[in-house]
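Here the protein sequences line up with chains A and C, keeping their order.
Numbered by the working numbering, the letters in the first sequence go through residues 1 to 195 in order.
Numbered by the working numbering, the letters in the second sequence go through residues 1001 to 1255 in order.
Hints listed in this document are in silico derivations from the structure and should not be mistaken for laboratory results.
Check before you lean on any hint, since a few could be wrong.
[Unchecked claim] Calculated pairs, DSSO-like style, for lysine-lysine (alpha carbon to alpha carbon, straight line, at most 30 Å):
#1 C/K1030 with C/K1112
#2 C/K1163 with C/K1032
#3 A/K36 with C/K1030
#4 C/K1055 with A/K36
#5 C/K1167 with C/K1032
#6 A/K57 with A/K109
#7 A/K159 with A/K173
#8 C/K1030 with A/K179
#9 C/K1032 with A/K149
#10 A/K79 with A/K149
#11 A/K35 with C/K1096
#12 A/K36 with C/K1096
#13 A/K36 with C/K1032
#14 C/K1096 with A/K149
#15 C/K1055 with C/K1163
#16 C/K1096 with C/K1055
#17 A/K149 with C/K1030
#18 A/K109 with C/K1112
#19 A/K36 with A/K179
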Amino acid sequence: MKRTGLLVMLGIVAILGFWGCNGYNGLVTADQDVKKAWSNVETNYQRRTDLYSSIIKTVEASANFEKSTLQSVVEARAKATSINVDINDPASLEAYQKAQANLQGSFSKLIASFEAYPDLKTTAAFRDFQTQIEGTENRINVARQDYNKSIEGYNLQVKRFPKSILASIFGYKEKPFYKADEGSEKNPDIKFDIK
Amino acid sequence: MKKLLYIFTLLLINIVAFSQESFDPESLLKQKPTQLVNDFTGTLTLDQRQALENKLVAFDDSTSTQIAVVIIPSLNGRDIADYNIELSRAWGVGGKESNNGIVLLIAKNDRKLNIATGYGVEGALPDITAKHIIDDIIRPNFKGDDYYRGINEGTSAIIQAVKGEYKAPENYRKKKKSGTRMFILLIMVVIFLVVSGGKGKGGGGSFMSRGGAMPFILGSMLGSSRGFGGSDTAGGGFGGFGGGSFGGGGASGSW
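Work out the full structure: start from the sequences and follow the hints.
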């Protein structure tokens, strides 16, 4: 009789152990997915920053340009690149997001000021810039959506009972979503209207 | 015979229902097309579609790079780049490993078009090249209402850009074909069941005459399976999309 009791106990321990391992692995996988998705977001923001930089260089070369607008873009860029993000920390994520939105905003102003230079606007180089900006913004959009999707999957695992017990044992916490930039759900309106 | 007529009517209803004017871009996302050229507007003639399909299938067979052409009437107010990413991801154009899919989407009434490039072809077909293809090759033709020429030359330019990038693995065509063969087999079984089920009730006609009708039904059934996509069959040996993914690469334009 004692023997069966022992066996049952052992069985329960084995099942629990199996469930624990499985659940833990699921959490690790979801966490990795989030990291991967985030690195993709960062890569695309980096791509945008690089693109802005090359545009700025081109603009600087054409001397008689409004220096103050250019300056604000350069400053915003410096600020955006100086932020280190910890995706587990909502505050730093928000700061990052703000800096990126700010950079994008000041860049839009720079683009708007191009309107005064029709010669510049119609060059082939400019059309290429426009295409690249569009593509970059699209990529950022997609990367952010993918990131939020991965967060959703991860958070579900962390918050749902009974896995939530495992999550708290191993220190997996809920992660914040990447919110849409204020006032711009979709792509920013950088438009050159080259016909 | 009655059964045959019944099947035929069903098919007809199917085709008519899908080719109606009210076009819903969202429902397109749920379909799994079995051809590379999908015209939901009737812009291309059968010959033109066939020619395009043959060209793209041949390219798919030799390079495993899948170029899909989709012509829809309207986007219902959606952003074309956004929609095309969603569509190409939903269909999974390109290979799962290499993500080498390209989708040329044309919204005819909106007069907008977009080329979406999969992760794996962003290098061979950068956004700028895609933009040049749209602006310099496709747009002038579309402006002159020559849609076929625009699409034909546009896809040729795309092929030119990406042709050195991937090579189809040796068993590529075989692997895809086996899926189709299974499908045909399944249909044959279903038809056999239908036919032998009808034998008990009807009693008229010899078995041979039923057998004679079989290839015909088979043919129309196969045709319908392609027709489910909404447009008529274009034939060819396309074996289905491979599950490729897209990350927002490509370019848009209008005419």
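Checking against the hints above, which ones are violated?
4
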